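Chains as they are written, first to last, in the numbering used here: chain G, 1 to 263; chain S, 1 to 263.
Source of the hints: derived by calculation from the structure; they are not laboratory data.
Keep in mind that this is a model prediction, so the values were computed, not measured.
Check before you lean on any hint, since a few could be wrong.
The list makes no distinction among identical chains, and a pair is therefore deemed to hold if it is satisfied within one copy or across any two copies.
Here are the simulated EDC-like pairs of lysine to aspartate or glutamate, each with C-alpha atoms no more than 20 Å apart in a straight line [stated by the list, open to error]:
#1 Lys254 with Asp30
#2 Lys244 with Asp30
#3 Lys244 with Glu115
#4 Lys254 with Asp124
#5 Lys254 with Glu115
#6 Lys2 with Asp175
Number of protein chains: 2
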Amino acid sequence: MKVGYFQTHPEFGEVQRNLEQAASRLGSVDCDLLVLPEFAFTGYQFVNQEEVLELSEPVPDGPTTQACLELARHHRMHVVAGLPEKAGEQCYNSAIVVGPSGFLGCYRKTHLFCEETLFFNPGDSGFRVWDIGPARIGVMICFDWYYPESARTLALQGAEIVCHPSNLVLPHCPDAMVTRSLENRVFSITANRIGQEARGGKPPLTFIGNSEVVSPQGHILSRASVDAPELTVVEIDVDQARNKSINPYNELLKDRRPGYYRS
Amino acid sequence: MKVGYFQTHPEFGEVQRNLEQAASRLGSVDCDLLVLPEFAFTGYQFVNQEEVLELSEPVPDGPTTQACLELARHHRMHVVAGLPEKAGEQCYNSAIVVGPSGFLGCYRKTHLFCEETLFFNPGDSGFRVWDIGPARIGVMICFDWYYPESARTLALQGAEIVCHPSNLVLPHCPDAMVTRSLENRVFSITANRIGQEARGGKPPLTFIGNSEVVSPQGHILSRASVDAPELTVVEIDVDQARNKSINPYNELLKDRRPGYYRS
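Using the sequences plus the hints, can you model the full thing?
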């Protein structure tokens, strides 16, 4: 199975242009599952609720989901991409899952980060897993990584690949995703963006790139640079994520002892 | 507060000699909390149940706990150290917590690793936290690190320092403990051993050293070598572990959303 990340550099607010550039950059990509960043086509640093409402879109009827559906059909691949979602008057930091056969679903970010808490509702979808044929995939968004419960909940639901659209500004996540992959024996695909935003007099945000694919054994199969757009596809053997045996005496998930865990 | 690890190289089965060498090596150490490895004075690679029964000790009446109590009194410090515990005919992979005022308690390893499952009972103490005055400390043993629930359960019970006696043979733990400290905003002290054991025709085990103290911000305050005994003490500010604020909008533990987690 071929999986990849598309590390982008969107221009804030220019959704249509960002969508067109992404479509163009994808060229003749050969991939089964492609992950794009959080807020992949809008940019990140909203300065007020009006901006959020203006750039948020209904799912799946909005232009971003429709454009991703077109990419998925054209390239015969599944796509996971982040966008601000509008549901009535509520806004969510969401990620859509689409494939050649159509729209599969949407995840709403459970753990909002920093000023996102001002503009978005805490996600109410819960962590979800989709069977896309060659693999079962789960989705978490950016800061969700900080809470080990996120990837764990996906793994317990059978996720073999954790798709992780991100707009990372803190330095820890790329290395921590090695731990997330290892402790759940899953592949993880973190798609981050690059560039800087400093809007409305706010302190600048520098996005750290370093998108990556990590194996269930904690090997970094590919890691992108910190400052360039990058489209990378790697071949993985999903069976590695189905084998939860650590050694002849330890089975990762069976050896959990939830009676002793506090939740 | 001064905390440290004592990275040792015990000789298998020579408990009395290992205890004496440790006491001698401690010299005039100035420390408030010292963590020693898993099975700190027995060695690790048991080849049959008889050996385990022979080297396991009642707690707190056995010689290892008594020797550690003497160290704690003499140096006016708290000590966390691993030992094989015998309770009736049951054996546990345990760690004791002792201080100048006496025996505080014992933790029995929740997640047994590899052949430990042949010789030891799965721990039934649960994860425990002790208030030792300058800090609240929790204990987990070696492979417990692999399960994020271990450190999380300790943090949710108020642990500010995770004491982590270990006999690590896999390469991932030292870096993963950065994630464990970060995701719980706690200090962690991993005390590992060095050297190799190849007993009874079994494949050799090489212990990876790399004992370390990690801060709640994920900084490695000290990391030992892979192949030398080492006694290291560092000064920490425990208040850092009491401040769970990640930024003005995010409080680490309050922002958990257990309703969406699977346990």
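To see whether the hints hold, each was checked on the structure:
For a Cα distance limit of 20 Å, the shortest separation of Lys254 from Asp30 qualifies neither inside one copy, at 36 Å, nor across copies, at 43 Å. Neither within a single protomer nor between protomers do Lys244 and Asp30 lie at most 20 Å apart by alpha-carbon distance, with minima of 29 Å and 44 Å respectively. Taking the closest pair of Cα atoms, Lys244 and Glu115 come within 20 Å of each other only across two copies (17 Å); inside a single copy the shortest separation is 38 Å, beyond that limit. In this assembly of identical chains, Lys254 and Asp124 lie within 20 Å of each other by CA distance solely across copies; the values are 17 Å between and 28 Å within a copy.
Only between protomers do Lys254 and Glu115 lie at most 20 Å apart by alpha-carbon distance; the minimum there is 16 Å, versus 39 Å within a single protomer. In this assembly of identical chains, Lys2 and Asp175 lie within 20 Å of each other by CA distance neither inside one copy nor across copies; the values are 23 Å within and 28 Å between.
When each numbered hint is compared with the structure, violations occur for hints 1, 2 and 6.
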